[in-house]
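S.K.: Chain by chain, the residues:
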Amino acid sequence: MDDAPDMEHESKSTHILSYGFLTGVFAVLMVLTATTIIVSRIELGFWNVVVALSVASAKAALVIFFFMHLKYENRTIKTMVLLAFVLLAICIGFTFFDVGPRT
Amino acid sequence: MTEHKDYAGSKMGMWLFLFTEILLFGGLFLLYSAYLHRYPQEFHEAGKTENLLLGSANTVILIGSSLTVALSITALRLGRIRHCLVFLGLTVALALCFLVNKFFEWSAKFDRGIYPGSEHMKSLPVGENVFNALYFAMTGLHGLHVLVGSVLLSVVATLVARGRVNREDFVILENAGLYWHLVDLIWIFLFPLFYLIA
Amino acid sequence: MDQAAPRDPGFLASPGGKNTLFSWIFSTDHKRIGLLYLSCILTMFAVGVLIGLTMRLKLITPGNHLLTPQTYNALFTLHGVIMIFMVVIPSIPATFGNIFLPLQIGAQDVSFPRLNLFSWWLYVTGASLALISIFTGNGPPDTGWTFYVPFSTKTTTNVSLAVVAVFVLGFSSILTGLNFITTIHRLRAPGLTWGRLPLFTWSLYATAWIQVLVTPVLGITAMLIFAERVLNLGLFDPGRGGDPLLYQHLFWIYSHPAVYIMILPAMGVISDIVPVFARKKIFGYKMIAFSSIAIAAAGSLVWAHHMFTSGMSDLAIWVFSLLTFIVAIPSAIKVFNWVATLHRGSIALEPPLLYALGFIFMFSVGGLTGLIQGSAGTDIHVHDTYFIVGHFHYVIFGGTGLGLFAAMHYWFPKIFGRMYDKKKAFLSFWIILTGMNLLYFPMFVLGLEGMPRRYYDYLPRYATGQFISTVGSWILAAGMALMFANLFAGARKGRPVGSNPWGGASLEWSVASPPPANNFITEPVVTKGPYDFAGVIVDD
Numbered sequence: 000m001d002d003a004p005d006m007e008h009e010s011k012s013t014h015i016l017s018y019g020f021l022t023g024v025f026a027v028l029m030v031l032t033a034t035t036i037i038v039s040r041i042e043l044g045f046w047n048v049v050v051a052l053s054v055a056s057a058k059a060a061l062v063i064f065f066f067m068h069l070k071y072e073n074r075t076i077k078t079m080v081l082l083a084f085v086l087l088a089i090c091i092g093f094t095f096f097d098v099g100p101r102t
Numbered sequence: 000m001t002e003h004k005d006y007a008g009s010k011m012g013m014w015l016f017l018f019t020e021i022l023l024f025g026g027l028f029l030l031y032s033a034y035l036h037r038y039p040q041e042f043h044e045a046g047k048t049e050n051l052l053l054g055s056a057n058t059v060i061l062i063g064s065s066l067t068v069a070l071s072i073t074a075l076r077l078g079r080i081r082h083c084l085v086f087l088g089l090t091v092a093l094a095l096c097f098l099v100n101k102f103f104e105w106s107a108k109f110d111r112g113i114y115p116g117s118e119h120m121k122s123l124p125v126g127e128n129v130f131n132a133l134y135f136a137m138t139g140l141h142g143l144h145v146l147v148g149s150v151l152l153s154v155v156a157t158l159v160a161r162g163r164v165n166r167e168d169f170v171i172l173e174n175a176g177l178y179w180h181l182v183d184l185i186w187i188f189l190f191p192l193f194y195l196i197a
Numbered sequence: 000m001d002q003a004a005p006r007d008p009g010f011l012a013s014p015g016g017k018n019t020l021f022s023w024i025f026s027t028d029h030k031r032i033g034l035l036y037l038s039c040i041l042t043m044f045a046v047g048v049l050i051g052l053t054m055r056l057k058l059i060t061p062g063n064h065l066l067t068p069q070t071y072n073a074l075f076t077l078h079g080v081i082m083i084f085m086v087v088i089p090s091i092p093a094t095f096g097n098i099f100l101p102l103q104i105g106a107q108d109v110s111f112p113r114l115n116l117f118s119w120w121l122y123v124t125g126a127s128l129a130l131i132s133i134f135t136g137n138g139p140p141d142t143g144w145t146f147y148v149p150f151s152t153k154t155t156t157n158v159s160l161a162v163v164a165v166f167v168l169g170f171s172s173i174l175t176g177l178n179f180i181t182t183i184h185r186l187r188a189p190g191l192t193w194g195r196l197p198l199f200t201w202s203l204y205a206t207a208w209i210q211v212l213v214t215p216v217l218g219i220t221a222m223l224i225f226a227e228r229v230l231n232l233g234l235f236d237p238g239r240g241g242d243p244l245l246y247q248h249l250f251w252i253y254s255h256p257a258v259y260i261m262i263l264p265a266m267g268v269i270s271d272i273v274p275v276f277a278r279k280k281i282f283g284y285k286m287i288a289f290s291s292i293a294i295a296a297a298g299s300l301v302w303a304h305h306m307f308t309s310g311m312s313d314l315a316i317w318v319f320s321l322l323t324f325i326v327a328i329p330s331a332i333k334v335f336n337w338v339a340t341l342h343r344g345s346i347a348l349e350p351p352l353l354y355a356l357g358f359i360f361m362f363s364v365g366g367l368t369g370l371i372q373g374s375a376g377t378d379i380h381v382h383d384t385y386f387i388v389g390h391f392h393y394v395i396f397g398g399t400g401l402g403l404f405a406a407m408h409y410w411f412p413k414i415f416g417r418m419y420d421k422k423k424a425f426l427s428f429w430i431i432l433t434g435m436n437l438l439y440f441p442m443f444v445l446g447l448e449g450m451p452r453r454y455y456d457y458l459p460r461y462a463t464g465q466f467i468s469t470v471g472s473w474i475l476a477a478g479m480a481l482m483f484a485n486l487f488a489g490a491r492k493g494r495p496v497g498s499n500p501w502g503g504a505s506l507e508w509s510v511a512s513p514p515p516a517n518n519f520i521t522e523p524v525v526t527k528g529p530y531d532f533a534g535v536i537v538d539d
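Heads up: the protein sequence lines correspond to chains F, V and L, in order.
Quick note: the first sequence uses numbering that gives the first Met the number 0, first residue 0, plus one each step.
Quick note: the second sequence uses numbering that gives the first Met the number 0, first residue 0, plus one each step.
Quick note: the third sequence uses numbering that gives the first Met the number 0, first residue 0, plus one each step.
No lab work stands behind these hints, which were simulated from the structure alone.
Take the hints with a grain of salt, since some may be wrong.
Stretch by stretch, here's where chain V covers chain L in the computed footprint (C-beta under 8 angstroms, at least three residues) [unchecked claim]:
1. 203 to 214
2. 217 to 225
3. 228 to 236
4. 421 to 428
Under the rule of at most 20 angstroms between Cα atoms (straight-line distance), these lysine to aspartate or glutamate pairs were calculated in the DMTMM-like manner [unchecked claim]:
5. V/K4 x L/D7
6. V/K47 x V/D5
7. F/K77 x V/E49
8. V/K108 x V/E41
9. L/K279 x L/D538
10. L/K280 x L/E522
11. L/K492 x L/D539
12. L/K153 x V/E118
13. V/K121 x V/D5
14. V/K4 x F/E42
15. F/K77 x V/D110
16. V/K47 x F/E42
17. V/K4 x V/E167
18. L/K421 x L/D531
19. L/K492 x L/D420
20. L/K153 x L/D539
21. V/K101 x V/E49
22. L/K421 x L/E522
All residues carry an ideal CB built from backbone N, CA and C; glycine is no exception.
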């Protein structure tokens with residue numbers, strides 16, 4: 000964690016994503032959306048949820064890293080984002096210590 | 000000491016705010032997970048009553064609006080103010096389409112006697128009742144955020160038009176964009192949980 | 000120095016000499032906002048104390064009819080809601096954190112000064128709504144501050160308004176945390192590396208993360224109660240497939256880490272005070288800083304230790320009990336390190352140190368009793384008894400409360416530029432410590448003997464302990480009255496002091512007392528640690 004507090008030499012994260020690149024990301028997101036809808040029509044039992052959430056996570060990753068620009072941010076911000084999602088996972092996961100056996 | 004504008008700090012603050020939104024909705028996702036585990040069959044059944052067409056359309060609309068807001072930032076940074084305003088306008092328009100679709104969905108549910116606390120809902124198998132209660136809670140809270148986001152983006156658009164947000168000082172637009180993408184992110188997870196569970 | 004001589008009032012005065020209310024309540028100066036918070040928090044504290052004294056008065060003897068049961072239920076609910084959300088949670092961060100964080104890191108203000116002011120206004124709004132809920136509708140909430148379903152969704156008292164108030168207050172806390180994290184990352188003065196931060200700042204950093212990440216879960220929990228009551232959503236109604244235990248999970252996912260929001264800043268205060276009055280570098284700086292983060296992290300994993308008797312699965316009981324013991328470790332490390340700092344130090348027994356020592360004692364007692372609760376087997380016997388009440392008052396009041404009092408005695412001379420009467424400070428400390436122990440220690444005994452909590456009456460066998468406890472509450476109140484009278488008198492007309500009456504080495508002691516409006520005339524460049532006392536001049 001050594002983000003220099005020196006504001007004069009601030010380099011605004013200079014990376015600008017082109018129209019073409021952003022549209023490309025959108026296209027992939029559309030393909031993933033179509034995929035998940037199609038797969039959901041196939042009866043896979045328990046695996047339906049797994050596939051659906053995996054695809055959703057992939058879409059989320061694209062939105063976070065490219066639309067939200069996280070790929071080009073510094074390590075501090077990336078670590079913070081990870082921290083938030085890890086905490087959410089723990090909250091839901093640990094609750095299942097109770098819910099799992101009890102249902 | 001003169002007052003500096005801290006671009007990185009401003010962005011960090013926005014990300015921190017987004018974390019609070021993630022954890023806010025996270026509580027509802029926790030409830031959904033627990034109840035899905037308890038009532039897998041009923042969730043499957045109740046999911047069949049959802050309108051897959053409208054849900055899918057809304058997914059395309061919202062992801063599309065994420066594209067347009069991202070494009071608006073690129074446009075501004077390249078100095079193309081008019082493009083920026085067009086993209087922002089498209090984003091808000093798409094957001095409003097989303098809300099209109101939601102209105103139709105909810106109306107259809109109400110017409111079928113499914114609304115919070117309704118007698119019909121209470122008569123459903125308990126798992127289906129929980130599914131519907133979660134549907135209203137989660138899409139309701141999400142819809143509220145779509146509304147707030149639309150207002151926010153409209154305000155930012157006027158700031159762009161006035162030059163207050165510009166090629167040199169664009170963090171406000173970026174931060175509004177971040178908020179909007181979060182709204183999209185939440186929907187990306189809501190969509191399979193409510194529409195693809197059938 | 001001549002007490003009548005005019006002093007530079009620094010940030011306490013407004014430019015142009017017009018020190019209006021307006022200039023204060025719309026100020027974006029972190030020091031003014033800190034004092035605004037302080038005045039509100041101390042007011043709410045007084046209200047909370049009065050409620051507590053009333054409860055204790057009802058309980059002085061068994062079988063009296065001083066209050067109706069309904070009133071008693073409302074009182075303990077209000078006592079909890081006020082003390083937790085309006086006093087202890089914001090207590091140190093919003094007051095001394097706001098005033099001293101920028102000073103300790105050599106900054107002019109926090110990262111988002113206007114957001115800071117907005118946080119205070121949110122606090123005022125939330126507190127007002129909570130107070131209004133006492134008088135409107137069907138009376139104040141009677142659910143306990145924990146608002147457990149199904150009672151909270153069914154009771155006709157003013158729960159809906161109260162949870163809105165809690166939501167607003169939570170938002171205030173979130174924004175403060177957000178501000179502090181950004182400030183610490185972005186606005187440190189040149190040379191002020193993470194390894195040179197005062198431990199108070201480290202504690203604020205760890206606390207801010209908890210505030211930002213878990214308070215939203217309280218937010219959604221409050222929203223859900225509201226939705227259950229107003230929209231009849233039925234998500235926790237067992238008759239409609241809901242699970243009341245899920246409410247408890249959501250509630251405690253916030254409310255357990257919340258206790259670390261309460262204690263970490265107080266620990267930070269102690270970590271700053273002890274080295275100054277031992278004239279010795281803090282023992283194990285890195286471990287204390289690391290422990291602050293470890294407490295925040297581990298504290299987020301243990302919430303269901305509040306639910307051992309709730310009907311939760313055995314697996315969950317086992318896991319959460321095990322994890323709870325891990326949290327004790329970093330807390331213990333801090334206590335060891337403070338004691339090690341004092342060992343062979345050059346001790347100056349000034350009021351701040353005395354309160355700090357009181358903290359260490361009270362927190363240790365409270366913390367040790369926490370282990371009995373964390374162990375699921377023994378918790379079965381003490382859950383929902385007075386044992387729990389004793390435990391949390393020892394750690395929150397004996398801990399954070401004394402930490403707050405220590406902070407006042409340490410930093411008021413800096414804020415107001417005047418010293419209080421030290422003899423009165425010593426006297427009030429001993430009265431407070433006596434009162435606290437008389438009030439709360441019997442509760443451990445009562446709890447072990449089976450006295451349940453939140454009961455408005457009790458069997459005669461508990462009468463002795465209850466009586467001692469009530470007398471203790473009077474002694475405690477008297478001690479606090481003396482303490483506050485002394486502090487306020489000192490702030491207004493005490494002996495003027497210079498910039499560094501205690502000989503501290505962190506940056507706030509390098510500016511005038513009171514600090515000027517813009518903190519530092521030139522941005523400081525830091526070349527040494529915050530507990531490096533070589534060359535530090537005591538400027539009294």
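S.K.: All hints, please: hold or fail.
M.R.: Results of checking the hints against the structure:
1. Taking a C-beta to C-beta cut-off of 8 angstroms, the region 203 to 214 of chain L contributes 4 residues in contact with chain V, enough for the three needed, and the coverage statement holds.
2. Only residues whose beta carbon comes within less than 8 angstroms of a beta carbon in chain V count, and the region 217 to 225 of chain L has 5; three or more means the coverage holds.
3. Look at the region 228 to 236 of chain L against chain V: 5 of its residues bring a Cβ nearer than 8 angstroms to a Cβ of that chain, three or more, so the hint holds.
4. Only when three residues or more bring their CB closer than 8 angstroms to a CB of chain V does the claim for the region 421 to 428 of chain L stand; here the count is 0, and the claim is violated.
5. Straight-line distance between C-alpha atoms of V/K4 and L/D7 comes to about 30 angstroms, which puts the hinted pair past the 20 angstroms bound.
6. A hinted pair counts as satisfied when its Cα atoms are at most 20 angstroms apart, and V/K47 with V/D5 does not qualify at roughly 50 angstroms.
7. Of the pairs offered as hints, the one joining F/K77 and V/E49 is violated, with about 36 angstroms between alpha carbons and a cut-off of 20 angstroms exceeded.
8. A distance of roughly 17 angstroms separates the Cα atoms of V/K108 and V/E41; the hinted pair therefore holds under the 20 angstroms criterion.
9. Under the criterion of a C-alpha separation no larger than 20 angstroms, the hint pairing L/K279 with L/D538 is consistent with the structure, at around 18 angstroms.
10. This hinted pair does not check out: L/K280 and L/E522 have alpha carbons roughly 25 angstroms apart, beyond 20 angstroms.
11. Of the supplied pair hints, the one linking L/K492 and L/D539 holds, its CA atoms being roughly 16 angstroms apart against a limit of 20 angstroms.
12. This hinted pair checks out: L/K153 and V/E118 have alpha carbons roughly 18 angstroms apart, not beyond 20 angstroms.
13. About 53 angstroms separates the Cα atoms of V/K121 and V/D5, which puts this hinted pair outside 20 angstroms; it is violated.
14. With a C-alpha separation of about 55 angstroms, the suggested pair V/K4 and F/E42 falls outside the 20 angstroms cut-off, and the hint is violated.
15. Between F/K77 and V/D110 the CA atoms are separated by roughly 46 angstroms; this puts the pair beyond 20 angstroms, and the hint is violated.
16. Between the alpha carbons of V/K47 and F/E42 the distance comes to roughly 14 angstroms, so the proposed pair stays at or under 20 angstroms and holds.
17. For the proposed pair V/K4 and V/E167, the alpha carbon gap of about 11 angstroms is at most 20 angstroms, so the pair holds.
18. With a CA separation close to 26 angstroms, the supplied pair L/K421 and L/D531 exceeds the 20 angstroms bound.
19. Under the criterion of a C-alpha separation no larger than 20 angstroms, the hint pairing L/K492 with L/D420 is consistent with the structure, at around 10 angstroms.
20. Taken as a hint, the L/K153 and L/D539 pair is broken in the structure, with Cα atoms around 60 angstroms apart against an allowance of 20 angstroms.
21. In summary, the hint linking V/K101 to V/E49 is supported, as the alpha carbons are separated by about 12 angstroms, within the 20 angstroms threshold.
22. At most 20 angstroms may separate the alpha-carbon atoms for a hinted pair to count; L/K421 and L/E522 exceed this at roughly 34 angstroms.
Consistency with the previously given hints fails for numbers 4, 5, 6, 7, 10, 13, 14, 15, 18, 20 and 22, ordered from lowest to highest.
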